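Student: On the provided structure of chain A, position chain B as indicated by the hints.
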Amino acid sequence: MKSLFTIAELSSDQIVALLDRAESYTDKRTNELVNVTVATLFMEPSTRTRLSFELAAHRLGAEVVSFAAETSSVSKGESLKDTALTVAALGVDLIVVRHPHAGSPELVAGWTNRPVVNGGDGRRAHPTQTLLDLLTMRQIFGKIDGLTVGIVGDVGNSRVARGLIDALPRMGAGVTLVGPSTFTESAPTDLVQVSHRIDEVIATVDVVYLLRVQKERGAGGGYPSDASYHRRYGLNAARQGLMKPGAVVMHPGPINRGVEIASEVADGDRSVLLHQVRNGVPVRMAVMASLWEGRS
Amino acid sequence: MIVIRGASVLTGSGLTKTDVAIENGVVSRIGSIDPAAADHVVTADGCVLGPGLVDVHVHLREPGQTWKEDIASGTEAAAEGGFTAVVAMPNTEPAIDSAKVTRQVQESAARSARIEVAVAGALTRTRSGLEMADIDGMYRAGVRIFTDDGDSVADPGVLRRLMRYLSDFPDAVIAQHAEDQSIGEGGHLHEGRVSRRLGVVGLPATAETAVIARDLELVAETGCRYHAQHISTARSAELIEQAKSRGLPVTSEVTPHHLSLTDEECSGLDPNVKMYPPLRTRDDVDALREALKNGVIDMIATDHAPHAPDEKGVAFEVAPRGITGLETAFPLGLEALDRDIELLFQRMAIAPAQLAGLSRHGVIPAPGSPANLVLVDPNARWTVEGFRSKSSNSPFVGREMTGRVVATIHEGEFVSGGIQ
Numbered sequence: 001m002k003s004l005f006t007i008a009e010l011s012s013d014q015i016v017a018l019l020d021r022a023e024s025y026t027d028k029r030t031n032e033l034v035n036v037t038v039a040t041l042f043m044e045p046s047t048r049t050r051l052s053f054e055l056a057a058h059r060l061g062a063e064v065v066s067f068a069a070e071t072s073s074v075s076k077g078e079s080l081k082d083t084a085l086t087v088a089a090l091g092v093d094l095i096v097v098r099h100p101h102a103g104s105p106e107l108v109a110g111w112t113n114r115p116v117v118n119g120g121d122g123r124r125a126h127p128t129q130t131l132l133d134l135l136t137m138r139q140i141f142g143k144i145d146g147l148t149v150g151i152v153g154d155v156g157n158s159r160v161a162r163g164l165i166d167a168l169p170r171m172g173a174g175v176t177l178v179g180p181s182t183f184t185e186s187a188p189t190d191l192v193q194v195s196h197r198i199d200e201v202i203a204t205v206d207v208v209y210l211l212r213v214q215k216e217r218g219a220g221g222g223y224p225s226d227a228s229y230h231r232r233y234g235l236n237a238a239r240q241g242l243m244k245p246g247a248v249v250m251h252p253g254p255i256n257r258g259v260e261i262a263s264e265v266a267d268g269d270r271s272v273l274l275h276q277v278r279n280g281v282p283v284r285m286a287v288m289a290s291l292w293e294g295r296s
Numbered sequence: 001m002i003v004i005r006g007a008s009v010l011t012g013s014g015l016t017k018t019d020v021a022i023e024n025g026v027v028s029r030i031g032s033i034d035p036a037a038a039d040h041v042v043t044a045d046g047c048v049l050g051p052g053l054v055d056v057h058v059h060l061r062e063p064g065q066t067w068k069e070d071i072a073s074g075t076e077a078a079a080e081g082g083f084t085a086v087v088a089m090p091n092t093e094p095a096i097d098s099a100k101v102t103r104q105v106q107e108s109a110a111r112s113a114r115i116e117v118a119v120a121g122a123l124t125r126t127r128s129g130l131e132m133a134d135i136d137g138m139y140r141a142g143v144r145i146f147t148d149d150g151d152s153v154a155d156p157g158v159l160r161r162l163m164r165y166l167s168d169f170p171d172a173v174i175a176q177h178a179e180d181q182s183i184g185e186g187g188h189l190h191e192g193r194v195s196r197r198l199g200v201v202g203l204p205a206t207a208e209t210a211v212i213a214r215d216l217e218l219v220a221e222t223g224c225r226y227h228a229q230h231i232s233t234a235r236s237a238e239l240i241e242q243a244k245s246r247g248l249p250v251t252s253e254v255t256p257h258h259l260s261l262t263d264e265e266c267s268g269l270d271p272n273v274k275m276y277p278p279l280r281t282r283d284d285v286d287a288l289r290e291a292l293k294n295g296v297i298d299m300i301a302t303d304h305a306p307h308a309p310d311e312k313g314v315a316f317e318v319a320p321r322g323i324t325g326l327e328t329a330f331p332l333g334l335e336a337l338d339r340d341i342e343l344l345f346q347r348m349a350i351a352p353a354q355l356a357g358l359s360r361h362g363v364i365p366a367p368g369s370p371a372n373l374v375l376v377d378p379n380a381r382w383t384v385e386g387f388r389s390k391s392s393n394s395p396f397v398g399r400e401m402t403g404r405v406v407a408t409i410h411e412g413e414f415v416s417g418g419i420q
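For the record, the sequence lines run as chains A and B.
Residues in the first sequence are numbered from 1 upward in steps of one, following the working numbering.
Residues in the second sequence are numbered from 1 upward in steps of one, following the working numbering.
Hints were generated in silico from the structure; no laboratory data involved.
Treat the numbers as computed from the prediction; the structure is a model and nothing was measured.
One or more hints might be untrue.
Subject to a maximum C-alpha distance of 25 Å in a straight line, what follows is the list of computed DSS-like cross-link-like pairs (lysine-lysine) [as the list claims (entries may be wrong)]:
id : chain 1 : residue 1 : chain 2 : residue 2
1  : A       : Lys2      : A       : Lys81
2  : A       : Lys28     : A       : Lys143
3  : A       : Lys81     : A       : Lys143
4  : B       : Lys244    : B       : Lys293
5  : A       : Lys81     : B       : Lys390
6  : A       : Lys81     : B       : Lys293
Just chain A, same shape as in the assembly (with noise of 0.2 Å):
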């Protein structure tokens, strides 16, 4: 593995070593990428992924170079090629590409040649998320194999349910998205369900993983209101209640409380949204050391 672009490039296998490797991570601290120099390249807002990944290179004893669109060079208009030019010739070792057009990790690595992982591009991928929430679920669960999945929300807008739809049935689960058919007719739909009603899913799946409606990828005219949203397909307390035992609510954040998830579910005591957001730092750890070792 050279570089980390979408889930789908990995195997079955090589999931299930990356999370057995971010396990052994979990609240601990190496040595392995001293000298190293990660770059975190933010071409569109994040709070919780650049975070975590800043964290993990640091708990991976890499130095770290932070880059957002908003205050650099890109502001002036410069082309996402020199700056990635410019960051390699500054000497970066290993760059983390967030980008709103798919593809551009894969251009990144192209004009650079270093090992590049994906932190969300557009629609398409967000690989660590998808690992961190395989994680979350493995945890709580002790396996995947066999788990029922809803994904409620504007799927077809989705780097993160695209990940979801990808490796949970290759591990075994099955997977049920859930939401109008404005947001289900762009989501790839071969190896899993559709249903356009919440109550019909919410009692039979061990995850409701919810998804943020997407307003800034144009999901705002895929529904009427966030008002008649909540009402078909928001998690309230009363859907909270018809969860099966020991189902969870996952969601990949951030969330909009009132719109997708009501405040009460989201603080309540099936919510594993910290859970998850835990497992970033281990899970990023694990693939930038993995991308490391296996540079040529």
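Tutor: Just chain B now, with coordinates in the frame of chain A:
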């Protein structure tokens, strides 16, 4: 006198192995010719000689975008690809929307073109889709194909008025780039399994078919000649077929890439497979090939759309649309037509010349006919690499082709291959 010996020549009675003499820009004789009488002899065993290819849909980028292409380089590429005439699209900077800009392009072509260049004019001023362009002035300057190519004339009222107006001009035709901007908003490739997997917003087939269906209703009402540009879906071919069976004055074109590639090509997000309309599905490719063979689709047109490497060397979603096509059209057309070379000349020379009103092109060689000819070797195998075009944004680079242009003769002169 130039003599081409031993080729199979497309004549009024089919392919005949014979000699052809060319003098003073015309075919002077067809039959057994003594080579001793010739100034130059081209031995062409195994080759086919027919009317030079004609492309009704080419972006020569003049005026205004000559870093991508210009008339000299674009017609050089066309000659290399076997074309003796091309129609230049008007989505230039500024747009070709007046007699003045039309003449400017014609004068540039007179200076620098290797082959004949016909100019298409915009339907609306600045291609805004709103006010009628200088139709009369452009028509007087020789324009016969009117199009806002690159965009549809979206407003049905504007289009209907244009159809009414143009129906008064003999041989004028509206060529529509069918793309509903609202249905296709934000789309970059065919909406289907590949776009869903990639998470790149798709362009539904209905972005094309909804426009064509609407337009054909207006054609039925106005009687205006209508040409559907670069159709890409099976359903578009069905709509055209229905319109033709109603007797409507409708023609259509398809590109070599829509006859050979599918949206699976987009899996790697290579900007050189990004174009409008997007590559569709295998079912569409099969239906388009069938429609081209049976005449529902009248002609192949390349939609040659050069872009510079820096423009294409970006993420798929921000890359400009379009690929080059002039230098790879012949082998791709031959493959799509199941290697029926006679049908190829019909679809790539005769029909497009008729649409564009190019009476000196697409003419089956006969004594006295204009020597706008192409010599091809249908069985030659070659690998695509390097172009005469200024740009090389082609998905066919590195692919092996069967069928090659050996020489192109424009008004009696070799403009590619042969003796120059």
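Student: Now, for every hint given, state plainly whether the structure supports it.
Tutor: Evaluated hints:
1. A:Lys2 - A:Lys81: 20 Å, holds
2. A:Lys28 - A:Lys143: Satisfied, since the Cα-Cα distance of roughly 23 Å is no more than 25 Å.
3. A:Lys81 - A:Lys143: 42 Å, violated
4. B:Lys244 - B:Lys293: 15 Å, holds
5. A:Lys81 - B:Lys390: Satisfied, since the Cα-Cα distance of roughly 22 Å is no more than 25 Å.
6. A:Lys81 - B:Lys293: 45 Å, violated
Hints 3, 6 from the earlier list are contradicted by this structure; the remaining hints agree with it.
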